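A.B. asks: Top line first, the protein sequences correspond to chains U and D. Under the working numbering, the letters of the first sequence match residues 1 to 111, in that order. Under the working numbering, the letters of the second sequence match residues 1 to 115, in that order.
Calculated from the structure, these hints are not laboratory results. Predicted model only: the values in this text are computed from it and were never measured. Treat the hints with care, since some could be wrong.
As the list claims (entries may be wrong) - Examples of chain D residues toward chain U, derived with CB under 8 Å: (1) H29; (2) G40; (3) L45; (4) S66.
Glycine included, C-beta positions come from ideal geometry on N, C-alpha and C.
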Amino acid sequence: GDSVTQMEGPVTLSEEAFLTINCTYTATGYPSLFWYVQYPGEGLQLLLKATKADDKGSNKGFEATYRKETTSFHLEKGSVQVSDSAVYFCALRGSNYQLIWGAGTKLIIKP
Amino acid sequence: EAEVAQSPRYKITEKSQAVAFWCDPISGHATLYWYRQILGQGPELLVQFQDESVVDDSQLPKDRFSAERLKGVDSTLKIQPAELGDSAMYLCASSLGAGGSYEQYFGPGTRLTVT
Chain U
1 GDSVTQMEGP VTLSEEAFLT INCTYTATGY PSLFWYVQYP GEGLQLLLKA
51 TKADDKGSNK GFEATYRKET TSFHLEKGSV QVSDSAVYFC ALRGSNYQLI
101 WGAGTKLIIK P
Chain D
1 EAEVAQSPRY KITEKSQAVA FWCDPISGHA TLYWYRQILG QGPELLVQFQ
51 DESVVDDSQL PKDRFSAERL KGVDSTLKIQ PAELGDSAMY LCASSLGAGG
101 SYEQYFGPGT RLTVT
């Protein structure tokens, strides 16, 4: 069945560092891909999405490109801030429209 | 901005007791989801409603869990009896529809601790 694998955390970086959180997927057909963020004590928020191959989703300085050839949707940000500290989830929505989630990656940004 | 409301935010209960969670979706959202999120894992869909009808409850442990959305608006998820393994975050989400173009909006969740 469909699945999502993302890098284990925690990922600890200094402020202004470059961020990459890896996400790969297994799916039949052409899923839509998502990154969600969960700040401490809050619910999940959609960060960005891409619905077809080579699409780039972007929001709040974060970017991810839908790479069908490598079945990947890695999350990147050029300069992280302390306020980016959160748990990031990669997810796909397949042919049955249900979301399949990765395990989440905790990001810690130190000033 | 409209939000999904959930209550309570935190619940501590003893095993074998009954517990209930409430969710009020964004107004006009026909589709409502209940997820369970175990610490360190991604959310797992428990049940999906379209209006007042259950669309998918294949992952709902029906011997102890029940969910209803009687008027197609707010929803209640119940566990009876609670077990230690039920300790988790219970998330509610809603969307305008169930199709692929509709974004799911999440509530803040209810953190359940079973002792």
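A.B. asks: Hint by hint, note whether the structure agrees.
C.D. replies: Tested hints:
1. Of the supplied interface hints, the one on H29 of chain D is violated, with its beta-carbon coming no nearer than about 15 Å to a beta-carbon of chain U, more than 8 Å.
2. Below 8 Å, beta-carbon pairs count as interface contacts, and G40 of chain D has one with chain U at about 7 Å; its hint therefore holds.
3. Using the Cβ-Cβ criterion of 8 Å, the hint placing L45 of chain D at the interface with chain U is satisfied: the shortest such distance is roughly 6 Å.
4. Taken as an interface hint, S66 of chain D does not check out: its beta carbon lies about 21 Å from the nearest beta carbon of chain U, beyond 8 Å.
The earlier numbered hints that this structure contradicts are 1 and 4.
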